[in-house]
Amino acid sequence: KITARLKRTLPVRGPQAPTLSELMRWYCLNTNTHGCRRIVVSRGRLRRLLWIVLTLSAVGLILWQCAELLMNYYSASVSVTVQFQKLPFPAVTICNINPYKYSAMKEYLYELDKETKKALETFYGFSEGKSKVRRSVDDWNSTGSDFFEQIPLLKVEDFSRTATELHSGQKRKIEGSVFHKDSSIVNSGDSNDIIGFQLCDANNSSECALYTFSSGVNAIQEWYKLHYMNIMAQIPLEIKEKLSYSAEDLLLTCFFDGLSCDKRHFTRFHHPLHGNCYTFNSGESGTVLSTSTGGSEYGLQVVLYIDEADYNPFLVTSTGAKIMVHDQNEYPFIEDIGTEIETAAATSIGMHFTQSRKLSKPYSDCTETGADIPVENLYNKSYSLQICLHSCFQKAMVESCGCAQYAQPLPAGAEYCNYKKNPNWMYCYYRLHEKFVKEQLGCQQICKDACSFKEWALTTSIAQWPSVVSEDWMLRVLSWDKGQKLNKKLNKTDLANLMVFYKDLNERFISENPANTLVILLSNFGGQLGLWMSCSVVCVIEIVEVFFIDSLSIVLRRQWQRAKKWWSGRQQGRAAQATASDVERQGHENPACIDEDLPTFTTALRLPLPQDSPLPRTPPPNYSTLRLETAFTEQLPDTLELSQH
Amino acid sequence: MNLKKYLVRALHRLQKGPGYTYKELLVWYCDNTNTHGPKRIIKEGPKKKLIWFFLTLLFASLVFWQWGILINTYLSYNVTSSLSIGFKTMKFPAVTICNANPFKYSEVKPLLKELDRLIEAALERILQPTPGNSTENMSLPLDLELWNQIPLVLIDEHDKDNPIILDIFETNQTAVDNETAVDSRANVSKKKYKLAVKLCSHQGSENCTYRNFSSAAQAVTEWYILQSTSILSKVPLHERIRMGYQAEDMILACLYGAEPCNYKNFTQIYHPDHGNCYIFNWGMDEEALNSSNPGAEFGLKLILDISQQDYIPYLSSAAGARLMLHQQKSFPFLKDQGIYAMAGTETSIGVLVDELERMGYPYSDCTVNGSDVPVRNLYSQYNTSYSIQACLRSCFQTHMVEICGCGHYMFPLPEGVNYCNNEDNPGWAYCYSSLRSSIKQRQICIDSCKETCNDTQYKMTISMADWPSEASEDWIFHILSYERDMSTNVTLDRNGIIKLNIYFQEYNYRTISESAATTIVWLLSSLGGQFGFWMGGSVLCLIEFGEIIIDSLWITIINVISWCKGLKQQRARFPDSPPTVSELVEAHTNLGFQPEPVGAVPGAPALPPEPGTPPPNYDSLRVQPLDTLGPESDAD
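Sequences listed follow chains A and B, in order. With UniProt numbering applied, the first sequence corresponds to residues 1 to 645, in that order. With UniProt numbering applied, the second sequence corresponds to residues 1 to 636, in that order.
Hints may be right or wrong, so weigh each one.
[As the list claims (entries may be wrong)] Here are some, though not all, of the chain A residues that point toward chain B, as calculated from beta-carbon distances under 10 Å:
#1 Asp262
#2 Thr293
#3 Gly294
#4 Thr319
#5 Ala407
#6 Gln408
#7 Thr460
#8 Trp480
[Said to hold, decoys possible] Just a few of them, taken from the derived set where beta-carbon distance is under 8 Å, the chain B residues facing chain A:
#9 Ser214
#10 Asp249
#11 Ala318
#12 Gly360
#13 Leu435
#14 Ser437
#15 Asn454
#16 Thr456
#17 Met460
#18 Met464
[To be verified] Computed Cβ-Cβ distance ranges for the label pairs, DEER-style:
#19 Leu524(B) / Ala4(A): 44 to 54 Å
#20 Glu340(A) / Glu297(B): 54 to 64 Å
#21 Glu297(B) / Ser290(A): 43 to 53 Å
Derived from the structure by calculation, the hints contain no laboratory data. Quick caveat, the model's predicted, so the values are computed rather than measured. Even for Gly, the Cβ is constructed at its ideal location relative to N, Cα and C.
Start from the sequences, fold in the hints, and give me the full structure.
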């Protein structure tokens, strides 16, 4: 019953225009967009053509501009804000450049050092003391170490491709490919011997790679490091921590924000290449110190004790400390981006804090937390590109070599490479590293930037410290501070003074904001539509309605009518059919109707428009049109049927 | 009577609105408005009518919602930044040069003699536990008065819970908790001892704090600074300037671009931390110098002598020149922004001017010239511009004067206040150190100071090399010594001599400037865009709408009046029931397609000018109130 009532009150009617051209005309006259009306109203062909071109070009312009707007939707604008406020003090990680006390390491490195000294002697004729080396050579012969024999230092004659082995002195032919660590190695005609070492695949001894260096300094350091890492990989972490410097050893005095601090403010963290490092304000206790005054007095001031005499002569060749300023959640890659601190000097480091933030997808290809990166984060810190690359390399290392590289943390279930278990690892590592550098491992593609990062811009300057006149008392008092553990008087080259402070408390925050929001996009659309055609969403709906729904239904309706006519004609007979079809065809395009009055539909609609005319309406034609209206009503049941059909 | 007539006429005129009932008015509005939706409501069949009614409502609410968002965006005063980088002729920065040590030791020795003897004796006692050694130094009686004002104490921490406090020069030990007689010098060398500075609010009062130091070196320096501050604050300014380094002694050679300059091109300024400082190109008296070429050849080249032998041993342990680049007419805050230059080296500084130009209120909370900051700028006595550092220091000094009653030596004085010293203000050190470590005070200052809108930083690329080289050392020292002292002997050495090059880099500026992201033009065009997008409307449409509201108000008034009149007279004068809404709507619109109204058809042919259309309705309305108004209006 309700449906019946609905049908009565809201009858389904097709479009009122009988033909497509009528519909178009009606549309053009009644639409809200501006161009169409002109086309219909204009007199003269040229003018009409002009208006058609103009309207079409306006439509084209709108489409073009809107496409432009859509394409530029994902663009970002940058805003820089400066805030003056209390700033959190960054974590400052301090390491001695020398990782372990040489005196303590003696028992582990004895063999290696002996070998190195011997190499120096054979290749360069240099020795610390003749007798000592002689003895050590004898020692070596008696002990006979396996792995030094495996990867000996070689003297290569480049053109003949023969190498002289370090201890046996015998020459042998080089097989396999030669890798040059230094690119500028090929000095034509230079008869200088080149030092390098050869790494062979243990399973397949014919596959070897020879690494050569232009300078023996590099060669020996690289070679030493290889063996050193091999030895260190076998020492458990607890022992390594004991072998390295303790907080009391490294830090003589500490002063932060005008107050005294001590080793309790530092957190130890073991770095594979730098030994024990100490992080000030690591935030591990749950609180992060902050600064509310800039200037050197209010920052961190430490005096470091760098025990120069206890340095490993082959592993590190420079003296001092390395520091890095970083965020509490960030892993300090001190070997990559640390700042070196000189001894016998006061290094003052002024900081300037900048925080940057990028928009993630779809604006740029960065990652917010690193959770969407398929590489497991081996470091216990928040994501960064460095962490990802290192983790990725380590993963590849474990997969292809079966053991982990010493400089990076261990993945679950893996252990560090050493000769005893993985005789092949060095060759594997070098091959893999080569691939990594050439971006063949795909790590560079997998790893993405982090979206936000904090940066402390450092201004480093150095002054002499202690000054000539204060040297005397300073060293005395510092020796007293150090206590009785140290018997000798301190030397100023064993000390480094470091000041880390905020230059000002202005925090710069550089952030990207979406340049467009949906609201702005829509209003830009509106502006374009309005500018060219005075169009709106209503017009768009109209267009959809008229050009798709109505035209379609008109076409369908006509087809239906024709089919019906044809069917009934077939039933009634030829003669009757002919007349009926004539009548039908002329029903709408009947010249008589048009003659009698202007097209029914449009005139009917136009009638109420001229309100300003003194005569309120032009009624008589109005009513006569009613007659014509019956022509439409005749069609109504058809459309009804159509919809029900 | 006249007035009534006038009113009636006015009413009459007002009634000539578009329609005389709300419905008519609405229909009229829908038909004639320029917004796109309403027109469709009345022009189509009943089903479409319904659809269009809801569509129009939806679009209208969308428009208002989006307008709200746009206005909100506008009111958040966003800014966009633009970055420009390159090289242009720029003002060369002002360069301030100081010695790390404030005074020549040879000049201040008489003042600090007592202090030095005290600290030497104290160190003797701390460092050398055997009592016999220290006696020879004690030949002269020590000024224990000075010592007792701010004594250094040893804290014995063998027993963590009961630390014992030992005064270095006193025989009787004062323990905090229990009086344990321990020989102060027996176990001194053990690590458990700590040095501390004892600070009391008044001498001899119980209200004391101990400032602990993990390192003796730090304690000694800190103590010495406190004591020397007290002594030097009594010295008049001109005397202090005399004791500092003179320009002609310090600046040995100067070259700006190709032009020679000398110490007379530098402006002297007294800096409390560093004594006499010299500023090149400060722009106070003459125009600032421009530099139009990058590279060291076109920059400033200086040779300085810091005479390290004449340093005050306990005051500053780092040796070198302190320098800073800053803007013209701004005060150099060397402790914050300064860098060191090491003796015996050539320090090259490439400069990049990093500027940030910001919009002021309401876009960000910054100040253009500091006039709207509630802290009085004490540095204005130097004729310098506002900076956040100046504000913070002024704020601290103001607090210091309020709480301690005297000004700190490191900061400029407000009028009518003296610097703190031990005689006049015995408790000042206690007061100062509690104020300095008070977080609350700092926060107050941070909150009340605002940053400046134009933030200029000089980004420096610093590199160093040994200078002079061994081969050239000899002649350089000879010439410089001769020029300074007119002597043929070498009076300079490696420990005192510094070469500086300051120049613009290839790209010498990086300017980030802000502009408003949302201007009023932007707002209007966005509002218009939204309105146009959904409904094809404009401001005129809004005015139309307002007009309709006014009209409907008038209808209300007229209705109320007529209703009041109608109470007196009978209402049942019109037998015809008023037309329904749908009838009205149809009457106004597509007459042709509607079934003929029952009453309209016979009436229409009879009255050709009003064919079943509103005019009768209007008339019926018009007649009703007019009749009640009386015959006079009809006569008009």
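For each hint, the structure was consulted:
no. : hint                              : verdict
1   : Asp262                            : 4 Å, holds
2   : Thr293                            : 6 Å, holds
3   : Gly294                            : 5 Å, holds
4   : Thr319                            : 17 Å, violated
5   : Ala407                            : 30 Å, violated
6   : Gln408                            : 32 Å, violated
7   : Thr460                            : 7 Å, holds
8   : Trp480                            : 5 Å, holds
9   : Ser214                            : 4 Å, holds
10  : Asp249                            : 17 Å, violated
11  : Ala318                            : 4 Å, holds
12  : Gly360                            : 13 Å, violated
13  : Leu435                            : 11 Å, violated
14  : Ser437                            : 6 Å, holds
15  : Asn454                            : 11 Å, violated
16  : Thr456                            : 11 Å, violated
17  : Met460                            : 6 Å, holds
18  : Met464                            : 7 Å, holds
19  : Leu524(B) / Ala4(A): 44 to 54 Å   : 52 Å, holds
20  : Glu340(A) / Glu297(B): 54 to 64 Å : 30 Å, violated
21  : Glu297(B) / Ser290(A): 43 to 53 Å : 44 Å, holds
This entry does not satisfy hints 4, 5, 6, 10, 12, 13, 15, 16, 20, going by the numbered hints stated previously.
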